[in-house]
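Assemble chain R onto chain V, guided by the hints.
Chains as they are written, first to last, in my numbering: chain V, 239 to 444; chain R, 41 to 375.
It is worth saying that the hints were derived from the structure and are not from the lab. Since this is a predicted model, take the numbers as computed values, not measurements.
With the Cβ distance kept under 7 Å, some of the chain R side facing chain V (calculated, not the full set): (1) 83; (2) 85; (3) 86; (4) 97; (5) 126; (6) 133; (7) 134; (8) 136; (9) 137; (10) 140; (11) 361.
Backbone N, C-alpha and C fix where the C-beta goes; we use that ideal spot for every residue, glycine too.
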Amino acid sequence: MRKSSKTLVIDTATDYLYLAYLEDGIVKDDVHEPGKNDHSVKVVPKIKVILDKNKCALTDINQVIIGIGPGSYTGVRIGVSIAKMIGYMNDVDVYRVSTLALMATASKAEYIVPFIDARRGNAYMALYKQSGDTLSVIKEDRIENIDAFFSRITFMYDKVMTQKPNPEKLFNSEGLLTKVDDIHALAPNYMQITEAERNLRKKHAN
Amino acid sequence: MLVMGVESSCDETAVSILRDGKDVLANTVLSQIDIHKAYGGVVPEIASREHVKGVTMVFDTALKEGGVSFEDIDLIAVTEGPGLIGSLLIGINAAKIVSLNYDIPLVGVHHIAGHIYANNIEHDLEFPLLALIVSGGHTELVLMREHYRFEKIGETQDDAVGEAYDKIARVLGLSYPGGPEVDKRSREGEELYEFPRPMIDTDDYDFSFSGLKSHVINLHHNMLQRGETINVNAFCRSFQEAVTDVLVEKTKKAIDAYSVKGLIVAGGVAANSGLRKKMKANVTDIPVYFPSLRFCTDNAAMIAAAGYFKHQTLKHTDHYDLNGHSRLDLAKEGL
Numbered sequence: 239m240r241k242s243s244k245t246l247v248i249d250t251a252t253d254y255l256y257l258a259y260l261e262d263g264i265v266k267d268d269v270h271e272p273g274k275n276d277h278s279v280k281v282v283p284k285i286k287v288i289l290d291k292n293k294c295a296l297t298d299i300n301q302v303i304i305g306i307g308p309g310s311y312t313g314v315r316i317g318v319s320i321a322k323m324i325g326y327m328n329d330v331d332v333y334r335v336s337t338l339a340l341m342a343t344a345s346k347a348e349y350i351v352p353f354i355d356a357r358r359g360n361a362y363m364a365l366y367k368q369s370g371d372t373l374s375v376i377k378e379d380r381i382e383n384i385d386a387f388f389s390r391i392t393f394m395y396d397k398v399m400t401q402k403p404n405p406e407k408l409f410n411s412e413g414l415l416t417k418v419d420d421i422h423a424l425a426p427n428y429m430q431i432t433e434a435e436r437n438l439r440k441k442h443a444n
Numbered sequence: 041m042l043v044m045g046v047e048s049s050c051d052e053t054a055v056s057i058l059r060d061g062k063d064v065l066a067n068t069v070l071s072q073i074d075i076h077k078a079y080g081g082v083v084p085e086i087a088s089r090e091h092v093k094g095v096t097m098v099f100d101t102a103l104k105e106g107g108v109s110f111e112d113i114d115l116i117a118v119t120e121g122p123g124l125i126g127s128l129l130i131g132i133n134a135a136k137i138v139s140l141n142y143d144i145p146l147v148g149v150h151h152i153a154g155h156i157y158a159n160n161i162e163h164d165l166e167f168p169l170l171a172l173i174v175s176g177g178h179t180e181l182v183l184m185r186e187h188y189r190f191e192k193i194g195e196t197q198d199d200a201v202g203e204a205y206d207k208i209a210r211v212l213g214l215s216y217p218g219g220p221e222v223d224k225r226s227r228e229g230e231e232l233y234e235f236p237r238p239m240i241d242t243d244d245y246d247f248s249f250s251g252l253k254s255h256v257i258n259l260h261h262n263m264l265q266r267g268e269t270i271n272v273n274a275f276c277r278s279f280q281e282a283v284t285d286v287l288v289e290k291t292k293k294a295i296d297a298y299s300v301k302g303l304i305v306a307g308g309v310a311a312n313s314g315l316r317k318k319m320k321a322n323v324t325d326i327p328v329y330f331p332s333l334r335f336c337t338d339n340a341a342m343i344a345a346a347g348y349f350k351h352q353t354l355k356h357t358d359h360y361d362l363n364g365h366s367r368l369d370l371a372k373e374g375l
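Just chain V, with the same shape it has in the complex:
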């Protein structure tokens, strides 16, 4: 991961559309706004706005950081499709990051729980520890019953849902960014197989 570069960060896996433009590892501009199932309409226009404001063409971007979920299936696919295309068209490095890790960068607390509601009493969650500007994973990304997850955490933590991320921290933290070796193989992290696949497996098991 090079800090000396023009970086575009994209995350569309939650209700919030998140974009950031970084130069040499420093956030120059960002977009963080709640959407109403309209990421598909807004992402490309907002990418254009943020790049135009900073006098940067999309072809000048030399690395992309993409939030690969977990989160909304439809949402995350929009961002991942766009990131794949940018990486492919311009032959630039693409780094994937967990959407939960990206969310955790918003907090200043020592212990951080990024949280995305997954309905029926479940949520996508993880637990991160922060020291200085560095984050490390204590509990990996998961989908779990909300009460069960929190009942096991006996210390103070900051639950992050809607705060604006600070992607600068990603560069300092070990293992949060993973370079994509084969752009064609990049896919969202859904965390779950589809209901149809589950039913089919059950049928075969019986």
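Okay, now just chain R, sitting in the frame of chain V:
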């Protein structure tokens, strides 16, 4: 003018490159059909996942096949609907980011306009023209008096014809997709059963296949109850005869009423051999066009062709806020 077409409305991820709306330089289709077979039909969430997986590879294959690069493309056309929304959004956002990256004008295209313009790849359309659209999602008669103006004069009141085929095939225990299988077996069977021809004599150009479908399913069920042997080939033949009788009769009625100069049949069911044969045998006074098989099923060449004419005729381009639509009115497409 080089047009790149992008299509992802159902279970095919496709990118094509056409010169001047006709000359096909590349026609790449990544079909998911083998994946959905296990489920007896297209599973929307799985379809969307497969589109994301394959999207960049399909662009890459098409560019290599066409021997061109993105910089050579003058217009990018993408299916904006109707279709599965999660699937549509992959193609749309890919097309939009290509448009932004290379500053290529963007145009959203109606999927059915694509099926109609698939015919223009191989023969010039002559107006007024009647188009019969038959697929898993559509059964429509469309009148065109000039390029890129569509008047829907009739449509199905319930099931699409391809949908009825798939359901019949499932009941008969045939593999998915059912249409080609029923077609194949009907060629080996006799018309032993008298099935209804719904709406064949009505004064409109509408269709209905759900009653016919129920009739076939009920007969099958009752025969099983009575312990009779099912002649699957005869079931297929009898069903196919009923369906194609209605399609041909209604189409003929519309040809006479609107004095059209040509008929085109488009969509996946245009590949059906029984329909091809019967339509050509019964419509003899005007030319009848069926696209070649590779342009019948979903592809992006048809989207590029339609996009070219939309852009030429209406001087239309879309902005980066272009969105997908699971339902979309064809009549508004030409306005």
